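Trainee: Residue numbers (the working numbering), protein chains in the order written: chain A, 1 to 325; chain S, 1001 to 1361.
Since the hints were derived computationally from the structure, they do not count as laboratory data.
Each hint should be verified, as a subset may be incorrect.
[To be verified] Distance windows between CB atoms, simulated:
#1 S:1060 with A:249: 53 to 61 Å
#2 A:15 with S:1060: 41 to 49 Å
#3 S:1334 with A:198: 36 to 44 Å
#4 S:1186 with A:123: 28 to 36 Å
#5 S:1030 with A:141: 18 to 26 Å
#6 S:1220 with A:275: 49 to 57 Å
#7 S:1349 with A:198: 15 to 23 Å
#8 S:1334 with A:165: 35 to 43 Å
#9 S:1039 with A:34: 39 to 47 Å
#10 A:123 with S:1090: 29 to 37 Å
#11 A:303 with S:1349: 53 to 61 Å
#12 A:34 with S:1284: 28 to 36 Å
Source: prediction; values computed, not measured.
A virtual CB, placed ideally from N, CA and C, is assigned to each residue, including glycine.
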Amino acid sequence: MTTLTMVEAIRETLRAEMLRDERVILMGEDVGHLGGVFRATDGLRQQFGAQRVFDTPLAESVIAGSAVGLAISGLIPVFEMQFLGFSQNAFHQICQQIARTRFRTRGSHTCPITIRAPFGGNVRTPELHSDSMEPQYAQGTGLKVVMPSTAYDAKGLLASAIRDPDPVLFLEPLRGYRLVSDDVPDDDYTIEFGKLRVMREGDDITIVTWSASVPVVEQAVEQLVAEGINPHVVDLRTIVPLDEAGLVAAVEKTGRCVVVHESPAAAGFGAEVITLLQEQAFYSLQAPLKRVTAPDAPYPPPGIEGHYIPSSELVVRAVRETLID
Amino acid sequence: MSDALSPQFKPAAKSVAPHKLLGPKGKLLGTAKAPMTDAQALEALRLMMLGRAFDTKCFSLQRQGKIGTFAPLHGQEASIVGSAMALNPESDWVVPQYRETPALLRQGYPLEQIILYRQGHPHGGFVPDGIKVLQFQISLAAQIPHAVGLAWGMQLQQQDGVSVAYFGDGSSSEGDFHESCNLAGVLKAPVIFLLQNNQWAISTPREIQSAASDLAARAPGYGFPGISVDGNDLFAVYQATAEAVTRARAGKGPTLIECHTYRMWAHTTADDPSRYVDEKEEKRWGTRDPIDRVQRYLADSGNWSDDKAKAWEAEIADEIQSAFDNAAKVPPAGPEALYEHVFETPTSTLNRQRAAHLQEQ
């Protein structure tokens, strides 16, 4: 057991997977010599060589698109989008091509590709670096969307992603890269997709969240507990596949639910969660379901991003409102 | 004031003359030598005739509502077949756009698969094991990065295969084309960019597509050579592709080949070219037919005759019919096909949706 930051856990998992399977190759902008702008691939080019850790030209679409050909040729590409915001330049390759290759060829060609992308705000980056775009990719139909919030989960979920026969978008909350650290077993392990993590057992209300919003919810929980409220808290870990049964059980337990995420509200993944609960947990509900999200406005300049991202105060307020009978 | 700066890199004032070997009347030009044997020319001719006969039949079936919208290849047979003939189907990949039926057939892809694809049957997307082709691509130019990736993957795994990406003059305006050329140049990837300049992107003519004098002239900007060929000349296309394949296999990197050809039929079965095509230009291109000139060439050496033409037309019609018969044996797909091959193992969400859907039937 070693205490690792999230970015360290990601790096060590990449290293372990490259040692385990020589078909695994890394590619992306600045992933080689520099070791990635966040050092997620630091030292890997030195260890595995330029053939397996490749600095690409600055062109997101051909990074994603060439991964299709690399995969069909028999390799297992793991490519980095330097920031999720820039993945829009490769959106058609990710959602039309990578995600649909298995379906459109009836399984004759497949894309065991992992796409790593940091995202999320509150790190004072310039425009377009911070957007949480997971709902756009959740409609990628054929693409799994994995969103760890701890170093432990990052290791187990990334190992699962690289070994998955299907493409996986692995989203890394960049504020958590160094702020989040926890105990990570040194031995190999994987975490099955579609199994949510119960962060805290409680009886009064269920809070559903994932990835970058997990630390915000943790802060809110401290406040709520101090007020004598006992929340049940779950981290979805993966939004595709979604742990429908786990989600329904978590909400049936309390009859109340607040969903917290960093992307805008309209057609955000919280809307999917709430619809599912309406369909499958309706008769256990004791109060309207509620969302705490960013507004339906573009991600702002960093000077005001603190007002954009859901705060723990807003989570506490939403919980209080949901608890009123 | 000093004299104005003179740019070091200037656009060419006019297009270069495309490389040609076989004239429209089927005669080798000047001192040109045939780059392929008569046996190879007959193999190519058969594929060209099959491709044209198949698309002609499909066009009429589309009008009867029996197949969906598709893009016919008429006029581009030499570009498609001449390039495919330069490949080794055992090691080399064909990465098509959507008009390249005979290139897929030469790789060993079954014609009935293409029929199923055009009928809208999901199994039409299936690629039999070991056949080195990608599925047709509807997103223009999106297949070009895939071809680069295949070439790169073969290079990394020390295989001596090459890949050929087919696309058109319209697609050469897409970002994926430029990003692909740029990466392939850096990698020295064994890929051939086979640009079929058929002069039209639906209704948009070549001159609106780009101010470049030649589309092949872009290649040096990416650090590799470009070749301009007469795309209706089977021999010229074959020779250019064979040389590009040799370069690629030798580790010397990509080549961009611009085949000057003409889309003699509509863009697709849904298009009405009478609204925009210049009849005179179309007639002029009609005199440069790619199939006719190979038949004339082969007739000169006694390898082609009217009798042979009749016999082949009948054989080809039979071959197409038997492919349609084989396609008809594939059972129709039902709603369960919606849920297959989304993932290797369906998610619980998909299983729930599938169960609900099938119960409703």
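Trainee: Would you pick out the hints that fail for this structure and give their numbers low to high?
Mentor: 2, 5, 8, 9, 10, 11, 12
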